[in-house]
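Residue numbers (the UniProt record's numbering), protein chains in the order written: chain V, 1 to 370; chain H, 1 to 287; chain X, 1 to 276.
What the hints contain is simulated information worked out from the structure, not anything from laboratory work.
It is possible that some hints are incorrect.
[Stated by the list, open to error] No more than 20 Å apart at the CA atoms, straight line, and that leaves these computed lysine to aspartate or glutamate pairs for EDC-like:
no.: 1; chain 1: V; residue 1: K187; chain 2: V; residue 2: E157
no.: 2; chain 1: H; residue 1: K7; chain 2: V; residue 2: D315
no.: 3; chain 1: H; residue 1: K7; chain 2: V; residue 2: D78
no.: 4; chain 1: V; residue 1: K24; chain 2: V; residue 2: E280
no.: 5; chain 1: V; residue 1: K345; chain 2: V; residue 2: D315
no.: 6; chain 1: V; residue 1: K249; chain 2: V; residue 2: D364
no.: 7; chain 1: V; residue 1: K113; chain 2: V; residue 2: E157
no.: 8; chain 1: H; residue 1: K36; chain 2: X; residue 2: D220
no.: 9; chain 1: X; residue 1: K185; chain 2: V; residue 2: E367
no.: 10; chain 1: H; residue 1: K125; chain 2: H; residue 2: D142
no.: 11; chain 1: H; residue 1: K7; chain 2: X; residue 2: E181
no.: 12; chain 1: H; residue 1: K6; chain 2: V; residue 2: E75
no.: 13; chain 1: V; residue 1: K251; chain 2: V; residue 2: E280
no.: 14; chain 1: H; residue 1: K125; chain 2: X; residue 2: E41
no.: 15; chain 1: V; residue 1: K113; chain 2: X; residue 2: E181
no.: 16; chain 1: X; residue 1: K101; chain 2: V; residue 2: E75
no.: 17; chain 1: H; residue 1: K125; chain 2: X; residue 2: E40
no.: 18; chain 1: H; residue 1: K96; chain 2: H; residue 2: E192
no.: 19; chain 1: H; residue 1: K6; chain 2: X; residue 2: E40
no.: 20; chain 1: X; residue 1: K101; chain 2: V; residue 2: D17
no.: 21; chain 1: H; residue 1: K6; chain 2: V; residue 2: E130
no.: 22; chain 1: H; residue 1: K221; chain 2: H; residue 2: D59
no.: 23; chain 1: V; residue 1: K108; chain 2: X; residue 2: E181
no.: 24; chain 1: V; residue 1: K357; chain 2: V; residue 2: E157
no.: 25; chain 1: V; residue 1: K260; chain 2: V; residue 2: E201
no.: 26; chain 1: V; residue 1: K111; chain 2: X; residue 2: E181
no.: 27; chain 1: V; residue 1: K117; chain 2: V; residue 2: E130
no.: 28; chain 1: V; residue 1: K345; chain 2: V; residue 2: E367
no.: 29; chain 1: V; residue 1: K260; chain 2: V; residue 2: E310
no.: 30; chain 1: H; residue 1: K221; chain 2: X; residue 2: E121
no.: 31; chain 1: X; residue 1: K105; chain 2: V; residue 2: D17
no.: 32; chain 1: V; residue 1: K110; chain 2: X; residue 2: E181
[Claimed, not checked] Counterexamples of contact, computed for chain H against chain X with all Cβ distances above 12 Å:
no.: 33; residue: I24
no.: 34; residue: P76
no.: 35; residue: I167
The structure displayed is predicted, hence computed values, not measured ones.
The beta-carbon is built from N, C-alpha and C at its ideal position, and this holds for glycine as well.
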Amino acid sequence: MENKKFIEVKDLQKTYDNGHQAIKSVSFSVNKGDLVCLLGPSGCGKTTTLNMIAGLLAPTGGDILVEGKSMIHVEPKDRNIGYVFQNYALYPHMTVLQNVMFPLTVGKGKKSKNEAKKIAKRYMQLTHIEELADQKPGKLSGGQQQRVAIARALVQEPKILLMDEPLSNLDARLRLKIREEIRALVKEVGITTLFVTHDQEEALSIGDRIILFNEGTVQQNDTGDNLYLEPVNQFAANFIGNPVIDNFKVKVENDYVVGKGFKFAITDLKNERFKKTLQEGQTYTLSVRPENLLPLMTEVKIENDDHYLEADIEDIELIGRERVLKFTNDGNSERSLINLEHQVKRGDHLTFSFKLKRVYIFDDNGERVY
Amino acid sequence: MKQNQKKAWLFLAPILILVTVFSIWPIIRAFIMSFKGGPIINMQYNGLANYQYIFSDPDFWHAIANTAIYAFVTVPVALIISIALAWFVFSKIKHKTFFETMFFMPYVTSTIAIGIVFRYILNGKYGLLDYLLRAIHLPAPDWLDDPSMSIISLIMFGVWASLAFNIVILMGALRNIDPNYYVLADMYGASEMEKFWRITLPQLVPTITFLLTVNLIGAFKIYTQVYALFNGAAGQANSAMTAVFYIYNKFQVVNTPGVAMAATVVLFFIILLATFIQRKITKKVNS
Amino acid sequence: MKKKKFSWGMVVIYLFIAIFAIITVFPFIYMILGGLMSYEETTTIPPTLIPHHFNWDNFRQVFAQAPFARYFLNTFITASVSTLVTLFTSILGAFAMVYLKFRGKGFIQLILLSLLMVPAEAIIFTNYTTIMDMGLLNTYLGLVLPFLVSIFYMYYLQSYFTAISPTIYKAAKIDGASDWEFIWKILVPMSKGGLMTVGLLSFIAGWNSFLWPLLVTNEDSMRLLNNGLTAFTTDAGAQTQLQLAAATLTVLPILVIYFIFRKQIINGVVRNDLKA
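Chain V extracted, bound-state conformation (with noise of 0.2 Å):
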């Protein structure tokens, strides 16, 4: 298993001059051949942490180790990555051409012209954009430019591509397109790739891992299945997922776990999801997702471990072939998903079915406790 850590970063912090730490202490490591999305909201370092890596930006403690040497000292340049900007940074003055020729023709390592051309040209076919070599950046559509970046990134055969918020520029639909191309064409270099996205559902579709950041930490680091359906903390499972979870406040009570409008005996959940004890008297958060929190109404299989509750619908909204039901319980705003063809109206009365298995407790500190 010696490619098992192709990437290794350890306990990199990062604090400004101004004193703002965008870093706290992030560890992770990233497989050969992996394409890892870094997710998280604005402002959570994992730009920060990406710049790292490529060396455009001194950590203030930790390191970084490709294949097991540290690239804490390494120039940019000398790291072997490929980088594809948010805004592209293509450069204006240059044809297309020139623009995926140009780091094969600058520093140490150059090449005769006619190479570089080859190169280029090669990855141009790549990525299906050779009928824009002459033209300018200026020109180019979104994607177009967005196909020259990353032929430009890939072009000097570099073992790491890292990739800042990629799509951000495209419009949705092209969004989905192109997210789907990048997928296909790292897997098909196989380049080991670092992809940053705010945009979770983005994440969770192309990222064959996904490392979760909030406020300077990884929150989680795990696949998309497990991220989604194990989310190790509150934050975890507050930012993956749409229309975001269910929470409710309870009170652990006399062995039963007590929210507004139900209860249940600590002794009905799974033995073998506990994190850790309930502690009596204490107030925690019970979490379920929209699609698992269902009204009686629609095909629910009823089973034995089910515990209800009931609600006055407050708001409906359509999303695409689902509804979105809101009401409130104990001052935080619910939501269920069910599919269209249920009809309901607002202000109907409505008993909501949920399953223990598929619910989460979290602790006052947001941690995981079943």
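Using the hints, position chains H and X against chain V.
Structure of chains H and X alone, referenced to chain V:
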């Protein structure tokens, strides 16, 4: 990338070296020389003698007075004419660029060359201006050779020369005013005068403060215009002697560099004070 | 809905513009016309406006009486050299100030900005002493040396470079370009407009320079145009038509440059000073 990239000093080296030798050192040296007497090749410390000399030299006070009169007349007059011209051209003329191009011409052309033309036009015997004045039965003074007219001639030349910069900067500021202000004002039925006083002028205040101080500082350094208008002299009987002309004379003609440097230091502080006041005012205006 | 109505206010406004337009342009026209007059025409009363016939011979006389060709050459050399070197030093300095991080950057910026306030006239005489100490009077080097850097233009380029997205520099670093390659292959081609403006303003200033060359040259062969011009007007005495012809020669090249590049020049001046 490293936090402290020492190679930056390599890129800055040419600038820093030349700036040290030709901007910083001369300031220090001017101070030192202002405390020395004698010819330039053999200067000896003489304490405050140079300062005592200039402060008791009526020529120095005359030069300062001339400079002040020139500055405090030329600058406001030129500025008022510039504001009127810029506003008229901006609001009433279709071919704005054409007029802007024309009004800016004096800025790029040699003062010396234009001075020759002005000398010809202002000539007391066969000059065009006096001919026109006589034609409409106005007094036709000898603009260049009558000492009492020297400063007035210089002011005329100065106003002519400073319109260019002012107009172009003001036009730039006028273009920056959101046209929706005027659309709104039209909807409320504001008159042209109301629009000028209530919208345009308040919006121009930062630009006008900037021009006022830049012009004043420029006016305090006037030299080439004098040289050009009076063909290398400071007017008949030094009637148009200005501060820099005084310094030049003491330095190059009379060969008393110490005195010249003492005058330079005084002028330097006057200009520094003006710059300082400008900063204060600009800050207040902008906030 | 605008109705064009005759009003005395409008007449006054147009008259005002017209008068000042004439006052501004007339000296240039009169200079060119006067340069083509005969001696008699320049001294008659009433004054001549348009010469009876164009005395092109005036220009030949100007070149015969003073080494104007030499003045042109000297002026062209010093203005070009100071412009090119100033561009070079300003590009390097502005690059370091915008793209590099180093200790002492804030201090350097502060010093340079303070020096921007020092009037040139306050240091020009001591600079003369320095050039004299170096034994560089009456040399090209002495003429250009203090004008090979300009804090003003460097500051101008700094604002120009800052407007370029900083990721362009990062991209070039990733692509393996050295700082030198970044400057000449990316920064300079991307800043053509700004460099053009700086170049034009610097060249015009060099062409029109007067006090500095007056101080550091006294040999006729080293004189620049404007100094040659003043010397010529003294020598030519009352030959007004020759003085005007010589003035025309001095001004025309710059006016030609101005009319070709007026957009860059005017925009450059405006952009600069609105930011100050």
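Hints, one by one, checked against the model:
no.	hint	verdict
1	K187/V with E157/V	holds (14 Å)
2	K7/H with D315/V	violated (62 Å)
3	K7/H with D78/V	holds (18 Å)
4	K24/V with E280/V	violated (34 Å)
5	K345/V with D315/V	holds (8 Å)
6	K249/V with D364/V	holds (10 Å)
7	K113/V with E157/V	holds (17 Å)
8	K36/H with D220/X	violated (32 Å)
9	K185/X with E367/V	violated (53 Å)
10	K125/H with D142/H	holds (8 Å)
11	K7/H with E181/X	holds (15 Å)
12	K6/H with E75/V	holds (15 Å)
13	K251/V with E280/V	holds (8 Å)
14	K125/H with E41/X	holds (13 Å)
15	K113/V with E181/X	holds (16 Å)
16	K101/X with E75/V	holds (15 Å)
17	K125/H with E40/X	holds (14 Å)
18	K96/H with E192/H	holds (19 Å)
19	K6/H with E40/X	violated (69 Å)
20	K101/X with D17/V	holds (12 Å)
21	K6/H with E130/V	violated (42 Å)
22	K221/H with D59/H	holds (17 Å)
23	K108/V with E181/X	holds (11 Å)
24	K357/V with E157/V	violated (47 Å)
25	K260/V with E201/V	violated (32 Å)
26	K111/V with E181/X	holds (15 Å)
27	K117/V with E130/V	holds (12 Å)
28	K345/V with E367/V	violated (37 Å)
29	K260/V with E310/V	holds (10 Å)
30	K221/H with E121/X	holds (7 Å)
31	K105/X with D17/V	holds (14 Å)
32	K110/V with E181/X	holds (12 Å)
33	I24	violated (7 Å)
34	P76	holds (17 Å)
35	I167	violated (9 Å)
The structure does not agree with the numbered hints 2, 4, 8, 9, 19, 21, 24, 25, 28, 33, 35 stated previously, though it agrees with the rest.
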